[in-house]
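K.L.:
Construct all of the structure, not just a fragment, from the sequences and the given hints.
Residue numbers (our numbering), protein chains in the order written: chain A, 12 to 270; chain B, 36 to 423.
Certain hints may be false.
Which bits of chain B does chain A cover? Going by a derived footprint, with three or more residues having C-beta under 8 Å, they are [unchecked claim]: (1) 50 to 56; (2) 78 to 84.
For the chain B half of the interface with chain A, some residues (derived, Cβ under 7 Å), not all of them [said to hold, decoys possible]: (3) Ala46; (4) Gly97; (5) Val191.
Honestly, the hints are just simulated from the structure, not real lab data. Since the structure is predicted, the reported quantities are computational estimates derived from the model, not experimental observations. Just so it is clear, CB atoms sit at the ideal spot from N, CA and C, and this is done for glycine as well.
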Amino acid sequence: MKVVVCVKQIPDPALPGELNPTTNLLKRDGKLILDESDSYGVEMALQLVEAAGGGEVSLVSMAPNNEMSGLRTALAMGADDAILVSDENLAGTDALGTAKVLAAAIRRLSPDLILAGVESSDGYTGTVPEMVAGVLDLPSVTFAKQISIDGDTVKVQRQTEAGYDDVECKLPVLLSVTAGVVEPRYPSFKGIMAAKKKPVEALDLQGLGIDLNTVGLVGARQETIRVTEAEERESGEIIVDDGDAHQRIAEFLGELKVI
Amino acid sequence: MDFSKNEDHEAIRDGVRRVCAQFPDEYWREKDDQHEFPWDFYSAMAEGGWIGIAIPEQYGGGGQGITEASIVLEEVAASGAAMNGCSAMHLSMFGMEPIRKYGSPELANEILPGVANGTIHAAFGVTEPDAGTDTTSIRTRAERDGDEYVVTGAKVWTTKAPYCDVCLLLVRTTPKEECDGPTQGMTLLLVDLKDPAVDITPIPKVGRNAVVSCEVRYDGLRVPVSRRVGEEGEGFRYILDGLNPERILISAEALGIGRVALKKAVDYANSRVIFGRPIGQNQGIAFPLADSHARLQAVELVIREASWRYDNGMDCGEQANLAKYLASEAAFECADRAMQTHGGFGYAKEYDVERYWRESRLMKIAPVSQEMVMNFVSSKVLGLPKSY
Numbered sequence: 012m013k014v015v016v017c018v019k020q021i022p023d024p025a026l027p028g029e030l031n032p033t034t035n036l037l038k039r040d041g042k043l044i045l046d047e048s049d050s051y052g053v054e055m056a057l058q059l060v061e062a063a064g065g066g067e068v069s070l071v072s073m074a075p076n077n078e079m080s081g082l083r084t085a086l087a088m089g090a091d092d093a094i095l096v097s098d099e100n101l102a103g104t105d106a107l108g109t110a111k112v113l114a115a116a117i118r119r120l121s122p123d124l125i126l127a128g129v130e131s132s133d134g135y136t137g138t139v140p141e142m143v144a145g146v147l148d149l150p151s152v153t154f155a156k157q158i159s160i161d162g163d164t165v166k167v168q169r170q171t172e173a174g175y176d177d178v179e180c181k182l183p184v185l186l187s188v189t190a191g192v193v194e195p196r197y198p199s200f201k202g203i204m205a206a207k208k209k210p211v212e213a214l215d216l217q218g219l220g221i222d223l224n225t226v227g228l229v230g231a232r233q234e235t236i237r238v239t240e241a242e243e244r245e246s247g248e249i250i251v252d253d254g255d256a257h258q259r260i261a262e263f264l265g266e267l268k269v270i
Numbered sequence: 036m037d038f039s040k041n042e043d044h045e046a047i048r049d050g051v052r053r054v055c056a057q058f059p060d061e062y063w064r065e066k067d068d069q070h071e072f073p074w075d076f077y078s079a080m081a082e083g084g085w086i087g088i089a090i091p092e093q094y095g096g097g098g099q100g101i102t103e104a105s106i107v108l109e110e111v112a113a114s115g116a117a118m119n120g121c122s123a124m125h126l127s128m129f130g131m132e133p134i135r136k137y138g139s140p141e142l143a144n145e146i147l148p149g150v151a152n153g154t155i156h157a158a159f160g161v162t163e164p165d166a167g168t169d170t171t172s173i174r175t176r177a178e179r180d181g182d183e184y185v186v187t188g189a190k191v192w193t194t195k196a197p198y199c200d201v202c203l204l205l206v207r208t209t210p211k212e213e214c215d216g217p218t219q220g221m222t223l224l225l226v227d228l229k230d231p232a233v234d235i236t237p238i239p240k241v242g243r244n245a246v247v248s249c250e251v252r253y254d255g256l257r258v259p260v261s262r263r264v265g266e267e268g269e270g271f272r273y274i275l276d277g278l279n280p281e282r283i284l285i286s287a288e289a290l291g292i293g294r295v296a297l298k299k300a301v302d303y304a305n306s307r308v309i310f311g312r313p314i315g316q317n318q319g320i321a322f323p324l325a326d327s328h329a330r331l332q333a334v335e336l337v338i339r340e341a342s343w344r345y346d347n348g349m350d351c352g353e354q355a356n357l358a359k360y361l362a363s364e365a366a367f368e369c370a371d372r373a374m375q376t377h378g379g380f381g382y383a384k385e386y387d388v389e390r391y392w393r394e395s396r397l398m399k400i401a402p403v404s405q406e407m408v409m410n411f412v413s414s415k416v417l418g419l420p421k422s423y
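P.N.:
Shown next as C-alpha cells:
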C-alpha cells in the first residue's frame, strides 16, 4: 500500500510570528518545523502501513527556500521519502493554488491513500485537503478519527459533534485526519540519522508543469485586505470564598445556562 | 574556528527535547519527593536510542562520541529533569566503555547491547568509605579460587544499585604493599548485583532523590574469571580512561541545570510585579542573571573543546577538569541566584529552583571535588609541587 501524507512546514509556533507589512503574509523565511496537526497524519500513515504488513509512506510538502527541517522530522518518524516543492513564484499562494501544487506532486506518486491534517496551525483555512481531492477528482472524507483498510475499501470513523459516523469509501481517497486521534511517535536517534539519507525530490513549478500565472500572488483568488490585533480577553471575575462561594459559582454557571 | 550550527547536533537536541517534553516539572517534583526511580522517562529515552547513543553501532548503539552524549545529557538536564533525569541514564551512556575497550568480545557482546537498549542496568563501584579520591587505597579485595574470584569489601555511592543487574567493580587482587606502585594490583570485575552475597543500603541524601546512591557490601561474592575485564592488575589504568569523559558529561549536566535555573529566574523576574513593576527591571535582580548567562555561555565553549579533544583522540585532562570545575560553579551559582530571584517562593518546592539548587550543589563534590581539580591543575598543568 502506498500512502501519501501532505505535510506543512510552519514557523515555530513557540516563537513570535511576524507578518510582512506589505503583503500581510506570514514571514516564513527562517527555519520551519513540522506542523503538529500533520504529525497525526504521518503517524496514522505509518500505523496503516504497519497494519498492512508493508507499504510505503511518502510525504508531499510545499515550502519556501527548499526548507526541509519539518520534512526531516516526519522522515525521522519513519516516512520513506518526500517530494518538496519550492519556488520563489509560490510566495503568496492561496489555498487553491497550494492544492494545485500538492495535487501535481501527489499525481507523480499514484498513491492508494492520501492523508492530510484537517487544518494547518498557522493558516487555519481548513480547506486545502478537500481542494486537493477536488483537483485530483478523488473522493474525500473529513475529520477521520479512526481509519482501517479492507481490501480496496477504506473504513473511516468520521468525527461529528455528537460522536462519529461510519463511512466507507473505495480507494484511492483523500482523508483529513483529526488532530489528537493518534499519539505521534517521537523520532528516535536512529530515525533522525536515517532521515538524513532518505530521498527528498526537490521540484520547482517548471518541474511540476504548473503555469506560473495560476499560483503565487499573481494567481491568488484570496487576498488579505486588513490585519487587526486580536482583542485582549477581559479578566474574569475572581470569587473569594466567604462561605458562599459555591452558591455564587452555581449562580454564575446558571446565568451561562451551563447548569 | 567554525561556530556554525551542526545539523546533527541540532537534530539531537530537538529529538531529546521532544521526549523530555512529556515529563514536566510536576513529574520530577513527584519523583524527587517520593524517592521513585523515573522508569517512564528511562524507558522513553531507551526506546528512542538516546541512552545508547555513544555505544558502538555493532552493539546496537548509536556510534556517536562524547560530544553527542554530552548534548543529550545537557538537554535532559535543561528540560527540568536535572540530575534526577541525567543520573537515571548517565552511567549507561559511557560507564561500560572499559568493557568495550578492554573486555573480552564475549563479555562485550553479552553486556553492551542490553546496556545500549536500556534492558541491562549497570552500576559502577569504585569509591569506598575509607578511600574517596584516594582510589589506590581501596580495600575491597578479590581472591582467586579456581575459575572464580571471591570478592569481599564495601563500596559507597554506588548509583542506582538496587535496580542494577551488574556492577563494574574495582577490586584489589594484590595488596598495595606488595605492588611495585600504588596503582598496580587492582582489577576490574563485572559482578552480579542480584547475588545474595551482595547487600545494598540506600544512603539518605540532600537531593537527586529519584535516583538512589547506595552503600554496597560484598560478602564472599563469587565472580567467574570470565567476568574479569582485561588483565588482572590493570584495573586502575582501565578506569582512568573513563574519568575524563565522565567529567565532560557531568559538566554538560551542570550546564543544563544552569540553563533551566536561569530560564525559571528570568521568567519569574519578568512576571513578578512588585512596587508596580516587574522585579527584573531592578538591576540588583537583572545583573546577576546576566552574569550567569555569560558564565554558562563560556562553560559551553570549554565543554565543547574538551569533548572535541576526547572524540578526536587527543589528551583532554586539563580541558575536562576545567569544564567540570567551571560548569559546576556556574550551575550552582545560577541555581542560587534563581532561588534569590524567587525570594521566599524559591524556597518552596513548587517553583523547582530549590531542586536545581540541591542537585547542582552535588556537582561541586562529585565525581571529583573542586579541590581535587585544583590539585590537578596546580601540579599537572601549572607545574607546581604536588600537595599530597
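K.L.:
With reference to the structure, classify each hint as holding or not holding.
P.N.:
Here is what the structure says about each hint:
| no. | hint | result |
| --- | --- | --- |
| 1 | 50 to 56 | holds (count 3) |
| 2 | 78 to 84 | holds (count 4) |
| 3 | Ala46 | 5 Å, holds |
| 4 | Gly97 | 5 Å, holds |
| 5 | Val191 | 34 Å, violated |
Hint compliance for this structure: hint 5 is the single one not met.
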